[in-house]
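**Student:** Working from the sequences, and respecting the hints, build out all of it.
Number of protein chains: 2
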Amino acid sequence: MAPARKLVMQPGPIEFSDSVLQAMATPSQSHMSPEFAQVFQETLIKTRSLFKSSNDSKSQPIVLAGSGTLGWDLVGSNLIDSPEEKILVLSTGFFSDSFAQCLQLYSDNVDILSAELGNVIDYSKLESHLKLKNYSIVTVTHVDTSTGVLSDIAKIASVVKKISPSTLIVVDAVCSAAVEDIEFDKWELDFVLSASQKAIGVPSGLSISIASKKVVDKVLARKSRAKNFFANLQRWIPVLVAYESGKPAYFATPPVQLVHALNVSLNSILSVPLDERFKENLKVSQDFKAKLGKLGLKVVPASGAETSALTAAYFPENINPAEFLSKVSSKGVELASGIHQGIHPKYFRVGHMGVSALDHTNGRDDVQKTYEAIKESLIELGYTVPTK
Amino acid sequence: MAPARKLVMQPGPIEFSDSVLQAMATPSQSHMSPEFAQVFQETLIKTRSLFKSSNDSKSQPIVLAGSGTLGWDLVGSNLIDSPEEKILVLSTGFFSDSFAQCLQLYSDNVDILSAELGNVIDYSKLESHLKLKNYSIVTVTHVDTSTGVLSDIAKIASVVKKISPSTLIVVDAVCSAAVEDIEFDKWELDFVLSASQKAIGVPSGLSISIASKKVVDKVLARKSRAKNFFANLQRWIPVLVAYESGKPAYFATPPVQLVHALNVSLNSILSVPLDERFKENLKVSQDFKAKLGKLGLKVVPASGAETSALTAAYFPENINPAEFLSKVSSKGVELASGIHQGIHPKYFRVGHMGVSALDHTNGRDDVQKTYEAIKESLIELGYTVPTK
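Line by line, the protein sequences are chains A and B.
Following numbering that gives the first Met the number 0, the numbering of the first sequence begins with 0 at its first residue and continues without gaps.
Following numbering that gives the first Met the number 0, the numbering of the second sequence begins with 0 at its first residue and continues without gaps.
Don't take every hint at face value.
If chains are identical, the list can't say which one is meant, so a pair holds when it fits in one copy or spans any two.
[Claimed, not checked] Restricting the straight-line Cα-Cα distance to at most 20 Å, the calculated cross-link-like pairs of lysine to any residue (SDA-like) are:
no., residue 1, residue 2
1, Lys-326, Met-31
2, Lys-330, Arg-4
3, Lys-330, Pro-26
4, Lys-5, Met-31
5, Lys-161, Gln-285
6, Lys-345, Pro-320
7, Lys-330, Pro-33
8, Lys-213, Asp-121
Hints listed in this document are in silico derivations from the structure and should not be mistaken for laboratory results.
**Tutor:** Below, the structure is given as structure tokens:
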């Protein structure tokens, strides 16, 4: 009766390591015990390292029960003081637009600067927007999971800093943290939000962020009524500061087992230099994309705008999306369907992050297995692979 | 180096069964797969049963990543339309007051009717409040974890229905679901919120609620701007309805492993009639309280107002709280300190829910072990146990 285990090769949740799954089964532990405080302390310190931030004078890591979506509310409810504030959302797909929808609950002045499908935003348009209006926040989705487009955060941050130095720079790193480079201190970012279930390699259920000192000071100084309770960083920051110093504190019960799992996954992620990890994942991604190219498939992102985290590729002509995904699934590999408005029936998405991309012990090669399932499925559906 | 495992006997997180912990380690599964949709479907149906609601024409179960605290925002942001609305919070302790603090973010008219310490509210005062103002919502904390006081929901609901039938009745069941009786349909409740880590017996990380048809209709008909994104039930209800019909849908990634764990725990909870479970836990609680009484300890709640979920007991004279808790902890049992304003250094709290109260396989008796640790610690700290 039990369905066979399938390889989860969608852009999140990804496959989890055995050690992370073991940590999920950590027996009960009091959230107020010194033992848990030590684990949470280690986890917060490593979360800061993941974003290449040096120390607590620069940044505050934030780990809460929730999801990537909750991170958008953290931004909206804590960084926007009044609905008059002007926000600029740089959009490279469905998830950027969803972030904008969230921010529209907190501001009446959310502008969206959209890139062309599959491409990064036009920097000259960004410059003219910044010159025209005084934006309090610019948001950018590092990897839009809907299109697989990688935005150049260093470049965008430098443009914003040059023209509008007081504007806060917010990065949605849900699908980029632990697979694409994020230099929180160096690029002078203000808020980066992520989640557990993508390249960070931990089951869904955690909202993982980092805030700059500037944001922390702004939040702690706020006198106006908070916009909600659970996502109120004025409540959480003192609790997180206490835990990072090794002392338990209470606002709402933290997800103890997920924090253990995050700690274990960050141990693994930080066991080699991050840049090596990114380089290795880039190679896996390039090889996979090249192989799909040889099959005659075209990827959604423009050349130079492809993330290492996933591949979004168009179906060949005459391939039925549902039939294809179901056939690949029957071969033991779960892919994701398209989600970006307008083109969603025309393409599919493959995640290649975490252990699936990087763990080759005992001959493991999830990405190769995925490629073979895709190729065989296409052939079985009548597709003729180009001979050259 | 690794600290020895301690029995977690605080009022949440509680001890988890092996089968629940195994479910926490469920290998990755797509949140959009038919396999997960089936598990989430089963889980939602059983969540409705937990609250003794009969079917989807009566109620909508809600399971989200979060915590008990997030449940307060679900109420505030979805059930309160305007800051002019009058809300009455019935308070039996710290957690009732915290719920009021959350609601004060959404309404300018939150009245608090506080019970005397350790007691339930005065019903004649409730009646006069309801006659004086037109409250849109009355909230009651079923078991205030700070005091161990059990409120009589049936009684309160009948008073509200009699005097102000249109008022929504909201119950905070964080520390009561699965240990105290909740008759959602029969008592005509409108919203009950809970969390995973107490009597429901699942690691922290889930917000678990149930909404009446009246609330669902109100939420779905709302035209005004939502107050936040993640906790917006207008977004979640269609997704939860889809999952309950066995079909995946997407708003934010659900916490797949925690949902599996909840499914497993609800299987166990619902394997015997709920009333038998409550009766058995009541007996465990009464025995434990009687034993503490024989030791000369006085409980915080008044006679008849004690919950089965936990025991809040005053220290004898000359016992130092920190020394006591640390001594009990050194005997392998974790208790919780007092938290209620004014008396918090004078008492401690013991949780006796879930497997710790009810699992006696292989001679297991967590509550007895806890009693012995308490007694020995008191004696070692110089306390003389009364001889009669």
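**Student:** Work down the list of hints and note, for each, if the structure agrees.
**Tutor:** Here is what the structure says about each hint:
| no. | hint | result |
| --- | --- | --- |
| 1 | Lys-326 / Met-31 | between (48 Å within a copy, 16 Å between copies) |
| 2 | Lys-330 / Arg-4 | within (11 Å within a copy, 42 Å between copies) |
| 3 | Lys-330 / Pro-26 | between (35 Å within a copy, 18 Å between copies) |
| 4 | Lys-5 / Met-31 | between (38 Å within a copy, 13 Å between copies) |
| 5 | Lys-161 / Gln-285 | neither (33 Å within a copy, 69 Å between copies) |
| 6 | Lys-345 / Pro-320 | within (7 Å within a copy, 65 Å between copies) |
| 7 | Lys-330 / Pro-33 | between (47 Å within a copy, 16 Å between copies) |
| 8 | Lys-213 / Asp-121 | neither (28 Å within a copy, 48 Å between copies) |
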